[in-house]
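Chemist: Each chain, letter by letter, is given below.
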Amino acid sequence: MPAPIRLRELIRTIRTARTQAEEREMIQKECAAIRSSFREEDNTYRCRNVAKLLYMHMLGYPAHFGQLECLKLIASQKFTDKRIGYLGAMLLLDERQDVHLLMTNCIKNDLNHSTQYVQGLSLCTLGCMGSSEMCRDLAGEVEKLLKTSNSYLRKKAALCAVHVIRKVPELMEMFLPATKNLLSEKNHGVLHTSVVLLTEMCERSPDMLSHFRKLVPQLVRILKNLIMSGYSPEHDVSGISDPFLQVRILRLLRILGKGDDDSSEAMNDILAQVATNTETSKNVGNAILYETVLTIMDIKSESGLRVLAINILGRFLLNNDKNIRYVALTSLLKTVQTDHNAVQRHRSTIVDCLKDLDVSIKRRAMELSFALVNGNNIRGMMKELLYFLDSCDPDFKADCASGIFLAAEKYAPSKRWHIDTVMRVLTTAGSYVRDDSVPNLIQLITNSVEMHAYTVQRLYKALLDDISQQPLVQVASWCIGEYGDLLVSGQLHCIILHT
Amino acid sequence: MQFMLLFSRQGKLRLQKWYVPLSDTQKKKISREVIQMVLARKPKMCSFLEWRDMKIVYKRYASLYFCCAVEDQENELITLEIIHRYVELLDKYFGSVCELDIIFNFEKAYYILDEFILGGEAQETSKKNVLKAIEQADMLQEEAEAPRSVLEEIGLT
Chain A
1 MPAPIRLREL
11 IRTIRTARTQ
21 AEEREMIQKE
31 CAAIRSSFRE
41 EDNTYRCRNV
51 AKLLYMHMLG
61 YPAHFGQLEC
71 LKLIASQKFT
81 DKRIGYLGAM
91 LLLDERQDVH
101 LLMTNCIKND
111 LNHSTQYVQG
121 LSLCTLGCMG
131 SSEMCRDLAG
141 EVEKLLKTSN
151 SYLRKKAALC
161 AVHVIRKVPE
171 LMEMFLPATK
181 NLLSEKNHGV
191 LHTSVVLLTE
201 MCERSPDMLS
211 HFRKLVPQLV
221 RILKNLIMSG
231 YSPEHDVSGI
241 SDPFLQVRIL
251 RLLRILGKGD
261 DDSSEAMNDI
271 LAQVATNTET
281 SKNVGNAILY
291 ETVLTIMDIK
301 SESGLRVLAI
311 NILGRFLLNN
321 DKNIRYVALT
331 SLLKTVQTDH
341 NAVQRHRSTI
351 VDCLKDLDVS
361 IKRRAMELSF
371 ALVNGNNIRG
381 MMKELLYFLD
391 SCDPDFKADC
401 ASGIFLAAEK
411 YAPSKRWHID
421 TVMRVLTTAG
431 SYVRDDSVPN
441 LIQLITNSVE
451 MHAYTVQRLY
461 KALLDDISQQ
471 PLVQVASWCI
481 GEYGDLLVSG
491 QLHCIILHT
Chain B
1 MQFMLLFSRQ
11 GKLRLQKWYV
21 PLSDTQKKKI
31 SREVIQMVLA
41 RKPKMCSFLE
51 WRDMKIVYKR
61 YASLYFCCAV
71 EDQENELITL
81 EIIHRYVELL
91 DKYFGSVCEL
101 DIIFNFEKAY
111 YILDEFILGG
121 EAQETSKKNV
131 LKAIEQADML
141 QEEAEAPRSV
151 LEEIGLT
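The listed protein sequences correspond, in order, to chains A and B.
The first sequence begins at 1 in the UniProt record's numbering and counts up one residue at a time.
The second sequence begins at 1 in the UniProt record's numbering and counts up one residue at a time.
Read the hints as simulated data drawn from the structure, not as lab findings.
Remember, it's a predicted structure, so these values are computed and weren't measured experimentally.
Check the hints yourself; a few may be wrong.
Listed next, the in silico DMTMM-like pairs over lysine to aspartate or glutamate satisfying Cα-Cα at most 20 Å (straight line) [said to hold, decoys possible]:
1. B:LYS42 with A:ASP356
2. A:LYS282 with B:GLU88
3. B:LYS12 with A:GLU22
4. A:LYS362 with B:GLU76
5. A:LYS214 with A:GLU203
6. B:LYS92 with A:GLU234
7. B:LYS12 with B:GLU76
8. A:LYS29 with A:GLU9
9. B:LYS44 with A:GLU95
10. B:LYS44 with A:ASP321
11. B:LYS12 with A:GLU25
12. B:LYS42 with B:GLU74
13. A:LYS383 with A:ASP352
14. B:LYS28 with A:ASP236
15. A:LYS362 with A:ASP321
16. B:LYS132 with A:ASP236
17. A:LYS322 with B:GLU50
18. A:LYS78 with B:ASP53
19. B:LYS92 with B:ASP53
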């Protein structure tokens, strides 16, 4: 029996296929060969065959007949076998099928293996796809590894613990003792994953949250060291030391400081420091600033700090990088209720974003614009929003029209302005307005007694121009029916004047 | 992170890493949808998309799209840095990485990803440490594949 072809050779061969049919034929042929090889229980080439199967699986072909073979590879003593076996398990096995439970014992053994890279493989697999049953069975092993002095394993155990907690929240308590000195670690990998673990625990349990509040000074210290420390080649990204860890710490601080005066005060200085000293020329610096702003806005920060945060967002809005503009708008939307006046100061920049080329930015700018409309700026804002309604994508028109109606209802400076605005919407985006706007409009017109003549004439004129938009036709027909006498009785010349 | 996809400009999947349990059918459907959405984006658009209850963060490097789906409360900007770090790792490992490297050595691309990210979160923030771990694991693999007689010869059994 000739040796099964090598993985790279198979890839090369399949890539020469000129049609989908040709590819399928090659795949079927190879699958048949692999199947008979599996049937022969061949240990030597199992690894090669499973690897090929994984490639074909990525192309979209079924590979479930390889699942048990992955388990056999995991159970093998050869490192190469285990590597492919675990990869295969993560790609082919599914926690909804019972067969995945057969992995549990192998993983248990490998978690205690003498080689850390094997332990690493099993931790990774468990942390990536472990089912609730597996997590229950193996949580104890993970907890043990969380206390090891080997930082390579400790960092993985921390994230594995996060997964266990997500799958089986009741097990969270058992990891509490092991968290005791996690933050004393010097190793950044362990620090990062520890902060993730602590974050997960605090988010899930108010008791844990109270318990971990005492870590705030330590977190502040670690963050301070990262900012103040000189260049560290190992963790440097564009002049910033370990931005990933910085962002994670800021996020944990947010959770710990929320609703708590003492904690918020303890982190006030460091937040101000990060907000003012972080380099903003590259994305990485802005990522940290963004997280800082989110934290400042969520905790009980001093008003000066809050204004600083909003101003950072304001600067973001002027950034050339559209990604930065996008996150600025998203964040401003979150804070517009609580810090309304501060956000108002950036209104013109926000309105400018209505003209942005990016769809997501336009949508955010629209939502934010509506949130900023008030009695003082209604005329100016409405001009911009009506212009936007004219030129925006059809996807936006319904929401924009509804928003305009709502704003007009709340802040219309005069009845005539209100009716003019409504008419403008009906004529420019009439086919996109929501169904309920027709009766609302009719109600509005009914109540504006002094405007009946004006309204019916304008509606009639609009119909003469364009009779295709249904909501407009509905409102106009009703109006003409009700106030037709006002239209006919010698006021026709007004139509010409009002155009 | 819920999942990461690498795909070509023609929509061919080069790597798929899922951190949430889904059936093969569901994964296929989601991949197709996300790939279509991202390929439809124009160059002037930002790198973020809202989709279902998640955020899609993507960036194109030469002929490959790197695409992550993250939870709604995730920091999109740092996710871009995560993507960039993974690209840097691939680049260092393969030496000026290109799409063909990832096609022909897809299992290594997974190994590298699995040393960088675990369960959807970064496990190591030092580039050097990730590469060192991969290097050592690769050496273990070589030793495992060495012919038996050679090892016995030099007395290592």
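Chemist: Each hint: holds or not?
Modeler: Quick rundown of the hints versus the structure:
With a CA separation close to 13 Å, the supplied pair B:LYS42 and A:ASP356 stays within the 20 Å bound. Note on A:LYS282 and B:GLU88: the hinted pairing holds, with a Cα-Cα distance of about 17 Å set against a maximum of 20 Å. For the hint linking B:LYS12 to A:GLU22, the alpha-carbon distance of about 17 Å falls within 20 Å, and the restraint holds. For a cut-off of 20 Å, the pair hint linking A:LYS362 to B:GLU76 stands: about 18 Å separates their Cα positions.
With a C-alpha separation of about 16 Å, the suggested pair A:LYS214 and A:GLU203 falls inside the 20 Å cut-off, and the hint holds. Among the hinted pairs, B:LYS92 with A:GLU234 is consistent with the structure: their alpha-carbon atoms are about 14 Å apart, no more than 20 Å. A hinted pair counts as satisfied when its Cα atoms are at most 20 Å apart, and B:LYS12 with B:GLU76 does not qualify at roughly 25 Å. Distance hint between A:LYS29 and A:GLU9 is fulfilled; the C-alpha atoms sit about 14 Å from each other, no more than 20 Å.
Distance restraint check for B:LYS44 and A:GLU95: the Cα-Cα separation of roughly 41 Å exceeds the 20 Å cut-off, and the hinted pair is therefore not satisfied. Between B:LYS44 and A:ASP321 the alpha-carbon distance is near 10 Å, which keeps this suggested pair within the 20 Å criterion. A C-alpha spacing of about 19 Å is found between B:LYS12 and A:GLU25, which places the hinted pair at or below 20 Å, so the restraint holds. For the suggested pair B:LYS42 and B:GLU74, the alpha carbons sit about 24 Å apart, so the restraint of at most 20 Å is broken.
Straight-line distance between C-alpha atoms of A:LYS383 and A:ASP352 comes to about 13 Å, which keeps the hinted pair within the 20 Å bound. Taken as a hint, the B:LYS28 and A:ASP236 pair is broken in the structure, with Cα atoms around 38 Å apart against an allowance of 20 Å. At most 20 Å may separate the alpha-carbon atoms for a hinted pair to count; A:LYS362 and A:ASP321 meet this at roughly 15 Å. With a C-alpha separation of about 17 Å, the suggested pairing of B:LYS132 with A:ASP236 holds against the 20 Å cut-off.
Between the alpha carbons of A:LYS322 and B:GLU50 the distance comes to roughly 15 Å, so the proposed pair stays at or under 20 Å and holds. Of the supplied pair hints, the one linking A:LYS78 and B:ASP53 is violated, its CA atoms being roughly 42 Å apart against a limit of 20 Å. For a cut-off of 20 Å, the pair hint linking B:LYS92 to B:ASP53 is broken: about 35 Å separates their Cα positions.
Checked against the numbered hints above, the structure breaks hints 7, 9, 12, 14, 18, 19 and satisfies the rest.
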